[in-house]
Structure formats: structure tokens, C-alpha cells
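Peer 1: So you can see what is in the structure, the chains are spelled out below.
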Amino acid sequence: MQNTLAFVVTTQPNSNLTTTAINLVHSAIKNNVKIIGVFFYQDGVLNAAKQLSIPSDEFQTLTQWKALKSDFNVPLYLCITAAEKRGLSDGLGEHERSTIDNAFTVSGLGELVELTSKAQRVVQL
Amino acid sequence: MSDIQHNTKTVAILNTQAPFSSSAGKEALDAALIFGSFEQPTSLFFIGDGVFQVIGDQNPTSIESKDYLKTFSALEFYDIDNIYICEQSLSERNLTANFHIDNVQVLSKQAFNELLHQHNVIYRF
Amino acid sequence: MAMLHIVRTSGFNNNALAQCLDTTLPHDSILLIDDGCYNLQHPLLLELLLQKTDIKCFYIGLHATARAQLKPADVFAEISLDDVNELIFTHNNSITWS
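Protein chains in written order, with our numbering: chain A, 1 to 125; chain B, 126 to 250; chain C, 251 to 348.
In short, the hints are calculated from the structure, not lab data.
For each residue, glycine too, the CB sits at the ideal point set by N, CA and C.
Hints are supplied without guarantee of correctness; some may be wrong.
As the list claims (entries may be wrong) - Straight-line Cα separation of at most 30 Å, DSBU-like style, residue types lysine-lysine; simulated pairs:
#1 Lys118/A with Lys306/C
#2 Lys195/B with Lys69/A
#3 Lys321/C with Lys234/B
#4 Lys69/A with Lys234/B
#5 Lys85/A with Lys234/B
#6 Lys118/A with Lys191/B
Unchecked claim - If you want the footprint, here are the derived chain C segments under chain B, 3+ residues with CB under 8 Å:
#7 267 to 277
#8 340 to 347
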């Protein structure tokens, strides 16, 4: 049976720690581990900011997360409470535009409970 | 939700930071309460500066900090009765067993570690 | 229950390493990644590994060499990011010390 894994990412998009997280997701996929989801919590929610502008000669975390979703179907879940506290908006309020990249699924901590219960292992990064 | 009940895991929330200068303590408590509301067996552990979250006689509102410490009293409504505090961390900080929540257990380092190891998933804040 | 301790910060800068070492039980493993690789020279870690020979310590070779941490003692085992998957599933649980 295929091993299943979930990640919880709490590091900021402009940190090399997040690069490591992305590389670990890739390596898990390469080793036939099924990633049932990545949950973004605490400062990790900033990874979903679609207006994030990292200089083009630096590692593009957002592009990499989007590729994990589009190329490997890795679900990306965002804790909206933690995100709103850090200036992100899902665009549901009046006169509000979403500032969250659409590769990310807006969700709550209930999704973390679900991932925790479903995955054989959970790793916090 | 039946999925979650079939695959119940024991969850430990490990608190290592003091309450006010970062949002880690509040976000740890938010997560604990959600796990509790989904009836997941959840324990709280306090080690290092994390013990500053549970000591008595604090006055968060005097420094314009929301008193999230009050929310600890909600834990019992979600059947989160396992609250463990590292005795060594208390004594290193010259703290006595004066806490703002009831039914906490102060444990020796060895007992604390053994209980922590028994959980399926550990989230550190 | 053997636990995998994932250490991502330098023990020269904060006490996450000391807390991690305080939390280990026999048969646990320690994995140094990111700035955790600076702990290859940390006296607290070296002392623990010499005393408690049932605790294994791994480090990501790529992360260590990137940080010019070039000659670790024999108590450390070099692995790749791919090997981390095996560690995750051969241990019961993990704590990330970042």
C-alpha cells in the first residue's frame, strides 16, 4: 500500500526553509509517497499571497507551489483565519478583491484535523 | 466526518513560546480547540518558555494584548483534560506551581517525555 | 515509540536544540536540516551522541556543504532529502524544532 503523508507549512515564502519544504514534497512524490495535502498555518499562510513579488533571480516559492498543485495534484489548503490576520483576503467581503492565489483552497483548521486523521504521517515544516 | 472518527489519532500540541510577543500560543490554542471540537484525543504540553503561558497573575490587557489566556478555560468543554507542564522548565525559571487553569499536571522530565512520545502526531508551536 | 526530531535551527542562536535534546528518549533519531546543520559542531549535541549511542543523528549533506560544514564527526550519518521519506515512515512520529 502506498504511504500517505501530509505537511504543515509555517514558514514564510521568502525563507530558504520554504524552499526545503518544497523540495521535500518533490522528493516524497518521487519516492512514491502520496501527499494528501499541504496545510498552510501561522506565517506559512503568506505563501498564498498572489501579489507577492520576489526578485526574478531568487527562488520563486509561489510558482513552485502552483506547479506542485498543477503538475502533481498536491492539494494546498490555507487557514483563512491565520491568513486574514496577516493581510490576505479571500475577496468575499464587499469591495474586496481576493489577494489569495487560486491554487490554494481557502479552508479552516477543520481541514488540518481531516489531514491529520487521514495521513499515515504528518510532518510540520 | 465519519472518516475522521475511523482514523482517530492522538494529537499533542507542544507549546514552547511565551504568550505575548508572538501569536504562536494563541494559534496553538486555536488548533487544540478545533481538534477537540472534532472529538480528537488532544493533549497540551508546555515546555521551556511555553510554561509562561500557564502561570497565574498575568495581566495581558494592561499591555493591550487580547486575553486569549481566558480561552484556556474552554478546553474542558472539549474534553481536553490532558494538560502537562514540564517541572524542570518551571524550576529553571524560578516559578512555583501557580497556574491560571485548573487540572494541569506537573511532570518530571522523564514522565513528560514518555507521554509526549505516545502521541501519533505532535505539533510544536 | 521511536520519534524523529527534525532540527532546523542553530543551537548557537536559540535553545530549540537544547530543548530537543532534553526531549529525546532511547532509540529516537535526530535529523539536522537547514540551519540545523550548524549543530554538527555543537558541543551539546556531540556530548549527547557520545553518551547515548542508541540515538542516531542524520544530516542532509547538501544543506551542510552549502553552509561550509564540511567535516562532521563520525557520529553523524550523511543522507539526502530523498532518504528523509524513509526516516519519516520508519519512525512513529516526529517533532520539528524550528
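Peer 1: Now, for every hint given, state plainly whether the structure supports it.
Peer 2: Each hint tested on the structure:
no., hint, in the structure
1, Lys118/A with Lys306/C, "holds (29 Å)"
2, Lys195/B with Lys69/A, "violated (39 Å)"
3, Lys321/C with Lys234/B, "violated (33 Å)"
4, Lys69/A with Lys234/B, "violated (42 Å)"
5, Lys85/A with Lys234/B, "violated (36 Å)"
6, Lys118/A with Lys191/B, "violated (34 Å)"
7, 267 to 277, "holds (count 5)"
8, 340 to 347, "holds (count 6)"
In terms of the numbered hints stated before, the structure departs from hints 2, 3, 4, 5, 6, listed from lowest to highest.
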